[in-house]
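Q: Sequence:
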Amino acid sequence: MKLIFYSIIFNLISIQTFIGQDVIQIDPERISCGTLTLSDLIESIEYIPLETNNDCLIGDIGKNNSVILSNNYILIQCSTTQLFYLFNRAGKLVKKIGNIGNGPGEYLRYGAVPFAIDEENQRIILRNNGAESKLIFYDLRGKYLRSVSVDEKLGAVFHAQFDDRFVMMHLNNPFKAGIPPFNYSIFSDDYKLITEKIKKADYTIRPRSSNQFTVTKEEGFSYYLYNGLLHVKGALNDSLYSISRNLSFLPKYIINPGKYSFTRQILSDPALFDRVFQYRVYLTSIFETDGYVLISYRYQNKDYYHCYDKRLHSSMLFNSASGIPNDYDGGLDFWPNQQNGNEFITWYQAYLFEENDNRIKPKGSKNAVEYFKKLRKDMESDANPVLVIAKMKQNI
238 MKLIFYSIIF
248 NLISIQTFIG
258 QDVIQIDPER
268 ISCGTLTLSD
278 LIESIEYIPL
288 ETNNDCLIGD
298 IGKNNSVILS
308 NNYILIQCST
318 TQLFYLFNRA
328 GKLVKKIGNI
338 GNGPGEYLRY
348 GAVPFAIDEE
358 NQRIILRNNG
368 AESKLIFYDL
378 RGKYLRSVSV
388 DEKLGAVFHA
398 QFDDRFVMMH
408 LNNPFKAGIP
418 PFNYSIFSDD
428 YKLITEKIKK
438 ADYTIRPRSS
448 NQFTVTKEEG
458 FSYYLYNGLL
468 HVKGALNDSL
478 YSISRNLSFL
488 PKYIINPGKY
498 SFTRQILSDP
508 ALFDRVFQYR
518 VYLTSIFETD
528 GYVLISYRYQ
538 NKDYYHCYDK
548 RLHSSMLFNS
558 ASGIPNDYDG
568 GLDFWPNQQN
578 GNEFITWYQA
588 YLFEENDNRI
598 KPKGSKNAVE
608 YFKKLRKDME
618 SDANPVLVIA
628 KMKQNI
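Numbering (this note's numbering), first residue to last: 238 to 633.
A few of these clues could be false.
What the hints assert, rightly or not - List time: in silico BS3-like cross-link candidates among lysine-lysine, alpha-carbon distance up to 27 angstroms: (1) K610 - K600; (2) K598 - K611; (3) K600 - K611; (4) K489 - K434; (5) K611 - K630; (6) K598 - K628; (7) K496 - K547; (8) K300 - K489; (9) K630 - K610; (10) K610 - K300; (11) K614 - K628; (12) K628 - K603; (13) K614 - K598; (14) K539 - K436; (15) K332 - K603; (16) K598 - K610; (17) K611 - K628; (18) K600 - K547; (19) K628 - K547; (20) K436 - K489; (21) K436 - K496; (22) K332 - K380; (23) K380 - K329; (24) K603 - K547; (25) K610 - K547; (26) K603 - K630; (27) K300 - K332; (28) K603 - K300; (29) K600 - K614; (30) K329 - K539; (31) K380 - K434; (32) K333 - K300; (33) K603 - K489; (34) K300 - K614; (35) K630 - K598; (36) K380 - K436; (37) K630 - K600; (38) K329 - K300; (39) K329 - K600.
Treat the hints as calculated values from the structure; they're not laboratory data.
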């Protein structure tokens with residue numbers, strides 16, 4: 238598998254208008270709820286309970302970038318212990334991967350993330366960030382193979398596989414001295430810089446005090462694979478880009494919170510940032526279907542789930558505090574953590590099935606409704622999380 242690495246660092250440019258580019262206005266004070274539900278968007282849903290035993294106790298899975306799926310495997314990182322586990326696609330445990338430590342094949346607690354499942358070469362890859370940034374390779378039975386040191390820019394990043402050829406990465410700290418003046422950097426599979434895209438706006442951050450380190454609450458970084466193209470939106474960036482196979486960055490949507498945006502003045506002053514943070518729109522995720530753009534954000538300490546209709550050029554909120562109302566099988570209301578083509582991927586803690594009390598009349602198939610009822614009945618509240626894969630309808 239040929240890998241080309243992208244390093245994405247925060248885009249701090251002001252809103253630009255491009256011909257043919259939709260502008261999605263975000264105004265939490267003036268938007269109303271619509272009637273769109275899960276059965277309008279998906280054609281099937283699959284639940285994969287992850288095997289629970291004494292060798293594999295997963296307290297929780299992180300919100301993003303903690304699950305990687307391949308044709309035959311699932312790689313999970315437990316957000317509680319920071320350990321990694323490999324399952325098959327039926328949810329049966331294959332092996333715990335590595336251990337926490339500083340020795341060969343070990344990784345730092347809170348310093349490692351899942352990187353890739355490379356079935357072609359029968360290996361899995363973790364990324365470890367510490368005094369030295371490196372990739373750690375194991376075989377599919379969890380045996381340590383080797384480690385490869387990588388440039389620090391490649392170390393502190395998120396990633397997404399693209400068409401089995403590319404991995405896109407996002408640098409998580411835009412305020413570190415010496416970073417390049419670009420938002421997007423493309424690297425070869427031997428970690429050499431090929432090109433950089435989209436200059437970022439520069440500004441200076443005033444320190445909190447002479448002896449305090451300046452920290453800000455950056456927006457989350459969003460990416461998804463849709464219609465065979467990788468889509469990316471860097472943190473604090475108004476434009477969402479699609480990346481073509483010739484590596485062109487094409488502006489597709491403007492996400493415009495207007496007066497609720499983080500201005501350069503706010504970003505430059507950490508004390509001001511802290512005071513106004515809850516009164517600004519903090520984007521947390523973006524996904525897309527044939528008919529809609531799905532956006533989640535926080536405003537005044539509340540989560541909002543926003544839907545933009547691409548044909549009507551209008552927006553609405555989903556009528557649920559947890560995401561998309563699940564009238565498909567009567568299960569938990571749904572919001573993706575990841576998107577891979579026409580599949581939405583998320584995961585739930587087992588105890589949520591016991592607490593589920595969705596009174597919406599299911600509209601999915603009888604088999605789907607009966608399967609969820611049985612899953613809920615049989616689910617132990619202290620079991621490992623359940624992976625959920627929803628397949629979207631096409632051309633809706």
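Q: For each hint, tell me whether it holds in the structure or not.
A: Taking the hints in turn, this is what the structure says about them:
no. : hint        : in the structure
1   : K610 - K600 : holds, 14 angstroms
2   : K598 - K611 : holds, 17 angstroms
3   : K600 - K611 : holds, 17 angstroms
4   : K489 - K434 : holds, 16 angstroms
5   : K611 - K630 : holds, 25 angstroms
6   : K598 - K628 : holds, 20 angstroms
7   : K496 - K547 : holds, 23 angstroms
8   : K300 - K489 : holds, 25 angstroms
9   : K630 - K610 : holds, 23 angstroms
10  : K610 - K300 : holds, 26 angstroms
11  : K614 - K628 : holds, 24 angstroms
12  : K628 - K603 : holds, 17 angstroms
13  : K614 - K598 : holds, 18 angstroms
14  : K539 - K436 : violated, 33 angstroms
15  : K332 - K603 : violated, 35 angstroms
16  : K598 - K610 : holds, 13 angstroms
17  : K611 - K628 : holds, 21 angstroms
18  : K600 - K547 : holds, 24 angstroms
19  : K628 - K547 : holds, 19 angstroms
20  : K436 - K489 : holds, 17 angstroms
21  : K436 - K496 : holds, 24 angstroms
22  : K332 - K380 : holds, 9 angstroms
23  : K380 - K329 : holds, 18 angstroms
24  : K603 - K547 : violated, 31 angstroms
25  : K610 - K547 : violated, 34 angstroms
26  : K603 - K630 : holds, 18 angstroms
27  : K300 - K332 : holds, 22 angstroms
28  : K603 - K300 : violated, 31 angstroms
29  : K600 - K614 : holds, 20 angstroms
30  : K329 - K539 : violated, 36 angstroms
31  : K380 - K434 : violated, 38 angstroms
32  : K333 - K300 : holds, 20 angstroms
33  : K603 - K489 : violated, 39 angstroms
34  : K300 - K614 : holds, 26 angstroms
35  : K630 - K598 : holds, 20 angstroms
36  : K380 - K436 : violated, 42 angstroms
37  : K630 - K600 : holds, 14 angstroms
38  : K329 - K300 : holds, 22 angstroms
39  : K329 - K600 : violated, 30 angstroms
Checked against the numbered hints above, the structure violates hints 14, 15, 24, 25, 28, 30, 31, 33, 36, 39; every other hint is satisfied.
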